[in-house]
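Student: Residue numbers (my numbering), protein chains in the order written: chain A, 1 to 245; chain B, 1 to 245; chain C, 1 to 245; chain D, 1 to 245; chain E, 1 to 245; chain F, 1 to 245.
Derived from the structure by calculation, the hints contain no laboratory data. Heads up, a few of these hints could be off.
[Unchecked claim] Ranges of calculated distance between the beta carbons of each label pair, as one might list FRET restraints:
id, chain 1, residue 1, chain 2, residue 2, range
1, C, 164, F, 240, 50 to 60 Å
2, A, 186, D, 236, 31 to 41 Å
3, A, 170, E, 242, 23 to 33 Å
4, A, 15, E, 178, 52 to 62 Å
5, D, 146, B, 127, 39 to 49 Å
6, B, 186, D, 182, 51 to 61 Å
7, B, 185, C, 221, 17 to 27 Å
8, D, 239, B, 147, 48 to 58 Å
9, F, 212, C, 5, 55 to 65 Å
[To be verified] A few chain A residues that don't get close to chain B, going by computed Cβ distances all over 10 Å:
id, residue
10, 143
11, 164
12, 192
All figures in this text were calculated on a predicted structure; none of them were measured in a lab. Ideal Cβ placement from N, Cα and C applies to all residues, glycine included.
Protein chains: 6
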Amino acid sequence: MRLTERSWTDVDALDTDLAVVPVGSTEQHGPHAPLGTDTLTARAVADAGADACEHDVVVAPAVPVGVAEEHRQFTGTLWVAPDTLRAYVRDVVTSLAHHGFDRVVLVNGHGGNVDALREVAGTITRHDDAYAVPFTWFESVGADSSEMGHGGPLETSLLLATHPDLLREDRFVEARDGGSEGWGEWTHRVNLAFDSAEFTENGVVGDPTRATDEWGADLLGGAAAALAAVLEAVADRDTRRPDHR
Amino acid sequence: MRLTERSWTDVDALDTDLAVVPVGSTEQHGPHAPLGTDTLTARAVADAGADACEHDVVVAPAVPVGVAEEHRQFTGTLWVAPDTLRAYVRDVVTSLAHHGFDRVVLVNGHGGNVDALREVAGTITRHDDAYAVPFTWFESVGADSSEMGHGGPLETSLLLATHPDLLREDRFVEARDGGSEGWGEWTHRVNLAFDSAEFTENGVVGDPTRATDEWGADLLGGAAAALAAVLEAVADRDTRRPDHR
Amino acid sequence: MRLTERSWTDVDALDTDLAVVPVGSTEQHGPHAPLGTDTLTARAVADAGADACEHDVVVAPAVPVGVAEEHRQFTGTLWVAPDTLRAYVRDVVTSLAHHGFDRVVLVNGHGGNVDALREVAGTITRHDDAYAVPFTWFESVGADSSEMGHGGPLETSLLLATHPDLLREDRFVEARDGGSEGWGEWTHRVNLAFDSAEFTENGVVGDPTRATDEWGADLLGGAAAALAAVLEAVADRDTRRPDHR
Amino acid sequence: MRLTERSWTDVDALDTDLAVVPVGSTEQHGPHAPLGTDTLTARAVADAGADACEHDVVVAPAVPVGVAEEHRQFTGTLWVAPDTLRAYVRDVVTSLAHHGFDRVVLVNGHGGNVDALREVAGTITRHDDAYAVPFTWFESVGADSSEMGHGGPLETSLLLATHPDLLREDRFVEARDGGSEGWGEWTHRVNLAFDSAEFTENGVVGDPTRATDEWGADLLGGAAAALAAVLEAVADRDTRRPDHR
Amino acid sequence: MRLTERSWTDVDALDTDLAVVPVGSTEQHGPHAPLGTDTLTARAVADAGADACEHDVVVAPAVPVGVAEEHRQFTGTLWVAPDTLRAYVRDVVTSLAHHGFDRVVLVNGHGGNVDALREVAGTITRHDDAYAVPFTWFESVGADSSEMGHGGPLETSLLLATHPDLLREDRFVEARDGGSEGWGEWTHRVNLAFDSAEFTENGVVGDPTRATDEWGADLLGGAAAALAAVLEAVADRDTRRPDHR
Amino acid sequence: MRLTERSWTDVDALDTDLAVVPVGSTEQHGPHAPLGTDTLTARAVADAGADACEHDVVVAPAVPVGVAEEHRQFTGTLWVAPDTLRAYVRDVVTSLAHHGFDRVVLVNGHGGNVDALREVAGTITRHDDAYAVPFTWFESVGADSSEMGHGGPLETSLLLATHPDLLREDRFVEARDGGSEGWGEWTHRVNLAFDSAEFTENGVVGDPTRATDEWGADLLGGAAAALAAVLEAVADRDTRRPDHR
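One chain only, chain A, in its complex shape (with noise of 0.2 Å):
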């Protein structure tokens, strides 16, 4: 049930104590994807997920802007400091958690914001009365940050079958030309660049040409269906924290 769109006395009904709370993120996509590519994949991956589970579960509004000071060369990119979205998203589990919506996975769709979700994760398990978990959609369905790209064949695939209106499909070709091949700047495993500027020129990732809707279509499903798995798992886990030894 999306808390946006329902009451407060819809929401009260609900015999549930999972919440989804999508985490995505506005930043340059290339030239051919919407700056807002990863708050609306992790906003269609979270609510087709609580759709496919088998309880009930709460969808709170995606948080809209995240850690992305990695594109901030790129116009339109908007960016909040690590400890504030720590911060914001911490905030917003504890609320959910007061209301009994104390099992909560962060549905995100941003590579940068991966490891401040997992940290602040970690702190709200041990310290709040909530167990929160992260749920990354592309690692779900076997890519990891690295591996996808930016703006490349695994978003663009699911931006044409959840937004395809807001696709430029005239400048796929234009946006895989001025784009790189892999993500970063690599020596002995360690990447010495911090902005995407350092290795891509119009920001892109990764080929845009290869999408189809088709394979937009699985991944979506695939997402989804890994995330109703994941809820009915927290649903199931005994989330105490262990004995000391």
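Since chain A is already given, all that's left is putting chains B, C, D, E and F on it; use the hints.
Tutor: Using the frame of chain A, we list chains B, C, D, E and F on its own:
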């Protein structure tokens, strides 16, 4: 131009220094109105005002959770600490300014955010490389926070005009009957109450049965016109700080 | 009983849970009134209100510097960050409550402190073992921050009644002539100004030549009576937070 | 020139870069001396020292609550966290420096403030546009924090000279008899006690019956002369940080 | 050149801008390996890598406690909050850069530090006058945090090569038998566990009986060579941030 | 028992609540003594004192960088902000206490740490589930921070006894000749200097040519005996806070 929906190259092509950041809240609005009311209204006014402005205006995504602990006794209400909201908004405005969008109006839909936004706007204007000013839509049409009620005729009218499907008209009478007539518990002009549950049973203040969609359209039009005028005044203003006397 | 002037054993002998904390400011008040105006008036009202109250009331020393960066263009104005004022007041109230003086009225003399004090009072009331509420003397007599002016007839009258030696009556005309009639620069109910130097030449708002000591005595009496009534209401109030609905 | 009592135009007419900020405490001083002792003495020394100085000196209002949690077992003692005091003092000094009063002596009346003031003075001097140095009046006359006692002969004498009406001479014997001879509980030069209630029954350390008003006048004169000399040394000092070696 | 062991004049005579800061942890490593394992290995790799580098390299003392709350159920584990580690490392790097050693590699020995170090390195590189990048020794030889185990064959081998006297070989079998095979409790690529005590009885992950000192020597040599290469790449890199696009 | 060198199971077998945390500094000590002097001496005293104590004592790894910005003009000096040191030490002590080692002595080797450690020890003792007290080795043998000098006869003697290989005896004369006789620049018992470079050319205070290894051995023995005695007093002490009076 809505950041969420356009590519960075589209935004980069703009010739403007104006931006709006809608700031909402996810909090109880009685049995008849959605928890997202304040975000929905802030976003509607921000979009309409940006459209009505004679200049290009960058529209940031809405900040969906604000200072709403005052409603914490009602299920589904989310809140962040005032410090957290200020940090989040400051970081967002700072990143807008980094791209040259350094005259920013914070379009607010929630009375509980008013003080925090005025404070952070002052901090930004005095200490960062940007000018920011808050605009609370219901103040712009002549109602202050204490007059407007909560889930009352003004907010309900505005939603009738913009999101009628999210209202439960069948609950308007119940909403009115379980609500209170005024905000707070006052003695000698001091409000002794801190939580809305101290003075309203179901969270409502004011009479939503008085709401009409025509009134809502008028409110939206008036607020949008006011916002456009404020944006134009901001565009023309000398935003430098005065010299020491 | 003024803490500053009595021994701990004297205070320990009291049977009360009521306290007041005067909160002032050190900031320009035009050429005719002292920089300490807001502290002097807050302290005068706090003392008079405590005396007028039917219960014993502990009177803390006045916090002498507040949120006054808005006057920083005028020599001698001191200010602390809003976070600093909140921390200072919160710590003071917490230590009062440690001794059982856990119902506290923050007696405020400065418009710029209003928002910060309301916020910290809410934080204390919800999260600490105390109840706190702000009382701004000029609001209690029917003037809000924007109506009262600055160094204008109300403040000047009050000082005529309490500290006439600190006023320069020979400068009242000059003060009026170099001042402004209203506070701020407004468009569509939005104040675009952040610093008083944007709209007043000498820092004055309002006409101090209208001030009289009789008016000042009336103001002090009215504010003291209001404060005493608020203290009595606070003494009787159920300050526990309401149950979750 | 005392800021509290003069208009901004008066202060603006000064030709000086020197200021003093009295920093006191509101804390138990036994059954015979007022809780405000440390603020009263700091203010008295600051005023006298500023008067004795050959230069004009801006006198800020006294900071009335300091680092005094060590006395929290005694009713009426107020305290702020060390971080809060540092923030408050730093903000005050920064605003003084904003007007050109950027050589500041922190005139301290309380042993518990010594460490926090030395730290914040270093921070200001190295990182802000000001030079600040703490001056603790009883150190200036040859007594350090542990020697001076608490409510003992030095403080009591000073108050006899400045505020005899606030002392209860009829309780001097009781004060001495219920107090301790020394500060702390020491083993191998380590003080194992953190709270004064660990070693004094009524909060007193030292023998107030030894106090005389003549001694107090001498102490005040000596402290004022020392402060004036320090101010003159500060006026003449090259306060720039040394070059890197 | 190790800072700890040389005078400031010796360090001053160097002609380099390169430094390494070893960052370790004090945390359980099973019954067979010391709590200091991660500090010892980080220091060993840092020393060897600095020696292998063709440039002079300043070697800071090792930060001995890191982000290790995940092991808090095991006696002797120490940890600091992630914010604390970031502040500590940032301050250390800032002071190195103050002397001109402004290209800094953070040599890390603990998986739990990886995210915090990447974050603080980004903060330093973007906002301070220095460039910093983390290097985690076991990643440099091809193992990521989840593969490496904990007190498993890689760490145990490295200690066999560097500190054999601190290992208890007589407990290797016990260590393996009471440990787990993998790190975490995973569902759909999400690790639902936050504390190691959720999945390992004695704190071990992996099989230390497989460890050999030859393997350890190879690991140390490989890590040192990788670090030397990274240092040389850092020395040659243009570390300025890219221009805005 | 040194945590760094033993397994968690070894530490778990102890029956004690005593721990020591050495706190050092990495800072200039003249041309003749290593930058690590204060860490080396703190660790040496901590080890010797723990050994001399009749109880088991857990020895944490040394905190290697402290509050030393006062030496920042000398190459190689590292420092953290006082807030950072306090946070680091507090987190370390809190994690020790989590395992039952909740009576902790902070063994300090650096004058610049004294104030910060006393403050954080008070915070821990009053607000956390632990008792902590600082022990500065040179105070324990009768020298306070200002008397001891810097790189002078006491420190140099101690290093002669413990780490003679890290001293450059051939530079002792040069060290003395380029140093100063006393610490600071004093007027009326106020130290107007904040950086050591304001009063010493090469960083030395005092005469290292007076140092002998016999004196060093005596100092170490004396400090170790004092620390052992303090630990025993801490073990026996009622560390609960006193009741409110």
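Student: Does each hint hold? Answer for all of them.
Tutor: Outcome of the hint check:
1. C:164 x F:240: 50 to 60 Å: Cβ of residue 164 of chain C to Cβ of residue 240 of chain F: about 54 Å, so the range 50 to 60 Å holds.
2. A:186 x D:236: 31 to 41 Å: violated (58 Å)
3. A:170 x E:242: 23 to 33 Å: holds (27 Å)
4. A:15 x E:178: 52 to 62 Å: violated (41 Å)
5. D:146 x B:127: 39 to 49 Å: holds (42 Å)
6. B:186 x D:182: 51 to 61 Å: holds (54 Å)
7. B:185 x C:221: 17 to 27 Å: holds (25 Å)
8. D:239 x B:147: 48 to 58 Å: holds (54 Å)
9. F:212 x C:5: 55 to 65 Å: Once the Cβ atoms are compared, 59 Å apart, the range 55 to 65 Å for residue 5 of chain C and residue 212 of chain F holds.
10. 143: holds (22 Å)
11. 164: Nearest chain B Cβ is 12 Å from residue 164 of chain A, so the label holds.
12. 192: Given a closest Cβ separation of 23 Å, the condition holds.
The earlier numbered hints that this structure contradicts are 2, 4.
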